[in-house]
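Sequences are here, hints too, so could you generate the full structure?
Protein chains in written order, with the numbering used here: chain L, 2 to 142; chain H, 598 to 1195; chain E, 581 to 963; chain C, 266 to 847.
There are no misleading hints in this set.
Computed footprint of chain C on chain E, listed as stretches where at least three residues anywhere in the stretch have a Cβ under 8 Å from a Cβ of chain C:
hint, segment
1, 583 to 591
2, 603 to 615
3, 623 to 637
With a Cα cut of at most 25 Å, we get these calculated DSS-like pairs of lysine-lysine:
hint, chain 1, residue 1, chain 2, residue 2
4, H, Lys602, H, Lys657
5, C, Lys663, E, Lys639
6, H, Lys687, C, Lys602
7, E, Lys639, E, Lys768
8, H, Lys1025, C, Lys308
9, E, Lys599, E, Lys871
10, L, Lys136, L, Lys5
11, H, Lys657, H, Lys687
12, E, Lys953, C, Lys663
13, C, Lys546, H, Lys687
14, C, Lys546, H, Lys689
15, E, Lys768, E, Lys582
16, H, Lys943, E, Lys658
17, H, Lys687, C, Lys555
18, E, Lys658, H, Lys1066
19, C, Lys308, H, Lys877
20, C, Lys663, E, Lys582
21, C, Lys555, H, Lys689
22, C, Lys308, H, Lys794
23, H, Lys794, C, Lys351
24, H, Lys794, C, Lys350
25, C, Lys347, H, Lys877
26, C, Lys477, H, Lys1174
27, E, Lys871, E, Lys658
28, C, Lys602, E, Lys638
29, E, Lys658, C, Lys629
30, E, Lys599, C, Lys629
31, H, Lys1066, E, Lys799
32, E, Lys799, H, Lys1070
33, E, Lys802, H, Lys1070
34, C, Lys663, H, Lys1066
35, C, Lys403, H, Lys794
36, C, Lys441, H, Lys687
37, E, Lys621, H, Lys1066
Covered stretches of chain C, as calculated for chain E (at least 3 residues, CB under 8 Å):
hint, segment
38, 625 to 631
39, 669 to 683
No wet-lab data here; the hints were simulated from the structure.
The structure presented is a predicted model; accordingly, all values stated were derived computationally and were not measured.
Heads up, the beta-carbon is just placed ideally off N, CA and C, and yes, glycines get one too.
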Amino acid sequence: MEYKPTILAFLCNWCSYTGADLAGTSRLKYVPNVRVIRVMCSGRVETTFVLKAFREGADAVLICGCHPGDCHYHEGNYKCLRRYLLLQKYIQQMGIHPDRLRLEWVSASEGNIFARLIDEMTETVAKLGPCEVRKTMETIM
Amino acid sequence: MSGEKFCGIYLYHIGNGNSDGVNTRELRTYAESLPGVGFVWDSREYPVMDAARLLTDIRKNNIQKVILAGNSPGFAKSFFTKVMLSAGNKAKDVSLVSFSEFNVLGREDISRAKALILCAVKDVPFEMVAVPEEVPVHPDTLVIGGGIAGIQAALELADAGNKVFLLEKSGTIGGHMAMFDKTFPTLDCAACILTPKMVEVGQHVNIELITCSELKSVSGQAGNFRVKILKKARYVSLSTCIGCGTCSTKCPVKVPSEFDAGTTMRKAIFIPFPQAVPNKYLIDPVNCTYIRDQKCGVCAKVCPVEGCINYEENDEEIEIQVGNIIVATGFRLFDARRDDRFGYGKFPSVLTSLEFERLVNAGGPTGGEIRQPVVDKKGNRVFTLDGKEPQRLALIHCIGSRDVNFNRYCSRVCCMYSLKLAHLVREKLPEAEVYEYFIDMRAFGKGYEEFYRRIQHEGVHIIRGRTAKVEEKNGRLLLRTEDILNDDLIEQEVDMVILAAGLEAREDARELGKMLGIATGEEGWFLEANSNTDPVNTYSGGISIAGVCQGPKDIPDTVAQASAAAARVIQSIITGKTRASLSEVSLESIEVNIRQYQ
Amino acid sequence: MKERIDPRFYVGLEEFGIKTAEWNECFHCGNCTAICPLTEKGVLFPRKEIRLMQMGLKKELHACTEPWLCYYCGDCSKTCPRDANPAELMMSLRRYLTSVYDWTGLARKIYTSKIWEYMLIFMLAAIVLVLYLKFTFYPAAEGQWIGADGGVLINKIAPWHRIHIGDWLMAGFLAFLLISNIFNMWYKVILSDKSVKIPFPAYITQFFSLVWNFFTQQKFNKCDDSKIYWYLHLFLMLSYVSLFTIIVFFLKWFQTDIIHPFWHPQRLIGYIATTGLFSGIFYFIFNRFNKSRQNSKYSHITDWTFLVLLFLTTATGISLHIFRISGMPVATYYTYVIHLMCLVPMLTIEVPFSKWSHLAYRPFAVYFANLKKSAIILPKRDS
Amino acid sequence: MEDKRIGVYICWCGTNIALMVDVEKVTREMAKIPDVVISRDYKYMCSDPGQDLIIKDIKENNLTRIVVASCSPRMHELTFRKALKKAGLNPYYFEMANIREQDSWVHTDRHEATKKAEALILAAINRVRYHEALDSRKVEIDPATLIIGGGITGITAALEIAGSGEKVYLIEQSDKLGGLAAGLDLTFPYLYSAVQMLRTLVRKVNTDPDIKIFLNSQVEEIKGYIGNFEAQISSAEGKETKLKFGNIIVATGLKTFDPSGMENYGYGKFPDVITSTEFEKMLQDGLIQKKNGTEPENIAIIHCVGSRNKNYHEYCSRICCSTALKFANQVRSQLPKANIFELYADMRAFGKGCEEFYASTSRKNIKFLMFDQENELPRVMESEKSDRCDMLIELNEKLSGKAVLVPADLIILMVGLEARQDVKHVAHATGLSICGNQFYIEKHPKLDPVATTTYGVFIAGACQAPKDIPESVSQAKAAAARILSTIARGSVEVEATTSCVNEEICCGCQTCIRICPYSAISFLEDKKVSFVNEILCKGCGTCGSGCPTGAIKCKHFTDVQIFSEIEGLLNMSYSMEEIKEA
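The following block contains the structure:
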């Protein structure tokens, strides 16, 4: 049985989560290995959340927010973007491949885009193989 | 001020349709009597529009302004503007008096017709001077019809903190929308979005639900109606029934279920559908053998609640007092039997759209499996899982709509729901071929065109050309259609045909209209106060209309109208006053107002 | 080459019975084509014709054989969702096309103006009278009004050979007109349609269909639910044709002075044919009066003229026969001339220029249609 | 800390969930999780009996936390919260697992879907353990209303609200009221006078004492929250006005599509190719004529310009078909001899009386020609002298299958409707979201077409999607109804999921104050700590993640809640057993 990565996704309530719901209501199909956490705004996603996710054994973390300029809270998604760029550097220092963390803009009407995104990300992450963070943590502790 | 301009009036004798009744001779003499009117043309003396002759008349009587009065004189406007311009006047010196715009329907409205002409001559907007007197308003409201329109209107009012009586003919609220499987174009299931609202209505402290009831009579006037309601006996106590369903399981009588559009059988003691509100059982006296002829009586025996079922219960008549009435009685589906070419009622596998909605619905006869109906020994059509899975299905648009032999109007929703049904078939039977035969694809709403595209790409065969007849050929159904865009004749064999039947006014609409004093159009839809600026109110004060009973509509438009109808009511409750019937405004009062206005 | 739409094409066609307001209302649902029992793949009407009318594509319209393939059951008009009345348009188009095929232009005149029609009829009648008086009808000369046995000497008054000359002249004249019109039709339908190239053999192979359809009118039979209509029409047509041939080619045998016994073929054929004509005529007149059938709802003036002339001819023919067998010479002789005065105009007006011509155009239309079909099929065989 | 007694309820949603998720199995598995007292499945949790089930259990087994696994929380979270409330439990002691939209509907492998469902539900259970009781507060409503857009929608809404004696501020960008309707001559399908109609409405608005009109004005920015908004209105003359109001109706409408970009129609190249807007003006002025003042002999009306074509706009503009029919009638009445062509794609005459209108129009000898609006748009070409017309239109006529040329002297382009340039600006000022077609997104496409996801802000008319006059009017009145009912009640409830500062930990760095988009956070000089105004706060939580010390707590989205959720989700991807050991 081939390896299925686990992706943890933080979706903002107004655009991305609605988009993901739309994928559902329009019965679009995508791979089942994504786990969604709903936050009011991508701006709420803290660095610690992402790190926690890797620590708990996520093979990849996806953050989705409204398109630039469409944020329900004006600029939460920009805040998120900054934090994301910082995180990218940081996880690389930790030896986590940058492809394992992604930030994407998904609007409420983009159910199909969300579905495609998940499929495509799963593929890339599957190529990278399982994320070792959890194991190493367990061994050193 | 241009009111002083010297007027010529062109009176149309024959308006298209219903204002023939207006006596043009009388109007003519009235118009001629008005000061500032120089000339009155009577269309009967001008059978053909003769520009030259009109021009000479205009010049001779140096007319500076022409008023076109008729049912819908707009059809001649640009002709007159040209004439006026060549007579050296301006285009805006042609003004219209459209009788139908102001509900001038016949003799009885002649004084309004006069008033309209007077206003035009004086160049005063009719709405500004034809104001009914204000009357105090009773804070309670009656909403007739428990469909989505009625539900929305009721909630709107109740949330504003007012008492609402919601009158429903059947045993539950929900109307047609509750019967649908999914809703276009978002495809979320109708029940999922409707039932919460139904529950809300059921629980709302301000809403008094009156099911199984009919309007008996309405007296009084705007602001204070006395309404008599005939409450049919349920024979099951609303207060004590726990909805356990034992009675129904034991009941021996089986009749076609209204909610499932006849695709399933229900008992004589039944609950319309699982999420019904109120979620209580009731007996249908027509089919219950005990009530008909004192036989059986099982349900009462098995009912766990003492005295919950009471065969002796009688219809009762209640009277309520309300200040406003909102009519939201909806529609009935076109009876596909009337167009016998499609073999509905003759071939079991020819379904109406509503039947199919139930068939694909998880709560339907086959639990959402699409199967051809089978015919049992008695010759009845039965929907079961034993039926064959259809390999080919066809949807035929415009059944009973856009057709002079039945209804001329477009039913507005059929195109979209047909696309939706096509999608549902593809989703449940990916192997099945779906053919859709249409005339014009009317995907006009928000996200509709996108949905249309999507269905096209899903591999549904969407063919321009309305099927002419359905015949039976070696066990399958044979459709004969011209494929217009490919200039070809298609004789398609299919296993199941779905007829996109149109919407029709309810059989009792006219009667109800009379009772409430609201006019109905030729097709039986209720007439709004003004087709542009006031689509939800009527000429009889205190009474509004909402939803399909005013004309075919999809769900969002219906909901919008329902809320809109509530607006006037809330307004009247806030101010404590409402306006009496526009139809009762006298010519004299208008004349007075005009004098003050200028 | 793109064709240009001619929005004013309809102008002046109202007189043929083409009601602009009606066919303009068509919104192309395709119901008419699909409901029609005669349409099949490759043979699609009447929507096509409506469209050509709406767009004023003259050439295509003139190349249409479909109007002749329609036998007016009226289903399309009955079920049309828009009151476009396709069946009536097809009927009117038959009139129009007749005038199109006719190179003399008389047909158009006859269809579009009553004056012309009646003028022609009376003129022809007059000519017949003059000719009759000039070349036959001379009892004074011989002084023989009555035969030795007191019988009617029809061949003395109107000798069959002389009448024959008249017959042949007229027949030849009409035949010439009709055939030239059919050639014109062939030109419009086949030659000017550049899209198809008819291989010569097809002309021969398909010829049978022409004859077959002429005598059986099978298509017509397929079309209508009430058989009686088809039978009567066929009966009428056959009687008509047989009488026509007898008079034109076997007048010697048909017009005799001696009166044969009842069962003699000469008389029997005469009687049967007359019955055929009369029953047909009465049936159609009846229909047109009480507009019971869809196809008798709207009557163009020429429809009436045809029936009336046919009726008069038959009626005078019968009375002529009665006078003759009951030995009333004078009456016979006068009726004879009246008979001719009805017969000649009837044939001259109707055969090449008016309704009668459908007798020829319909089978030819089928013929041409088949030709085109075979032309389309043939190349497929090669590939 | 009180003991957690959790009830888990898993919904079949008929077959919607049960088909892809083994509900019974999941129910059994969940029963094994610590603290879970009750684990049930039911056909329709949202149904009346479904909710009663929860209420009953809460009362009988004094449950303190509830998890429902069913559809999206955006669908039924409120429904179930209400149920908890009825059972006397704080509605926020509730968490929902979305196993329909984001599980059963999107996956095809039943085993995987079931596994995912378990993960989601476990996460919900983990999370709900840490839920806290929150209560939503009431906010007083300022009875005044701001209406942005003085088109027919705005006017109607204004009259409706002012009719009940409430104050209305009507903001119009241009120098006159009426919007697109002001450009019309007649209305379809009965050809009533739009000019007279509008004149009446405008008079009514002008004479209404409760309506204050701001022409040539714009909304700069809107501060505040439902019931207590505050806005800066600036007029063209640079006059600034401050307004206070309780509700907002956005009725900015749409603008017509500009066909200059479409070279095939030669708009701008040929003088007598005009847009429907220009033609309406021509009709208002009374004379249908070419630029050179002569009478056109051939008039062509081309539908779907800029609509139903993915190079321009995919959507249908809804009003053009009937408008085109209206034009045909008006041309026919002024020029009885003219040749009139309608080049259309689908005749969308769907409104009340419109199909009849279409039929009666077609009887007037109008030539209807169908083209393929998606792949083959007609092309306008110059003509030779011999053509006896100014232009030729080249098109593939679909109903006859022939490529034809149409003579034309005057060509009317039925331009579609599209979003206005300032749509983004208004969206920002009012906190609305915009869909792919640049229309404002309503709260629910079917059951709530006028409300939006922002409390106190409503959308009406064409800015929500193209609409004709009666439909816009209906929406205007609908929006008015909502506002009137809030005014009638005098107050509304607002969200409880806001942020708050733990003053013990706050270091007073004021990062949060810079971050907050609603300037809901202020600095308490005396205490040297930040303070969140919980009514201004919209609960986005950005401050929470920005706070270096973790002093800011985002209610209902606290760190610990989300951590526990993460744990729940991820541990599942190993096996149920492991957690049970843990």
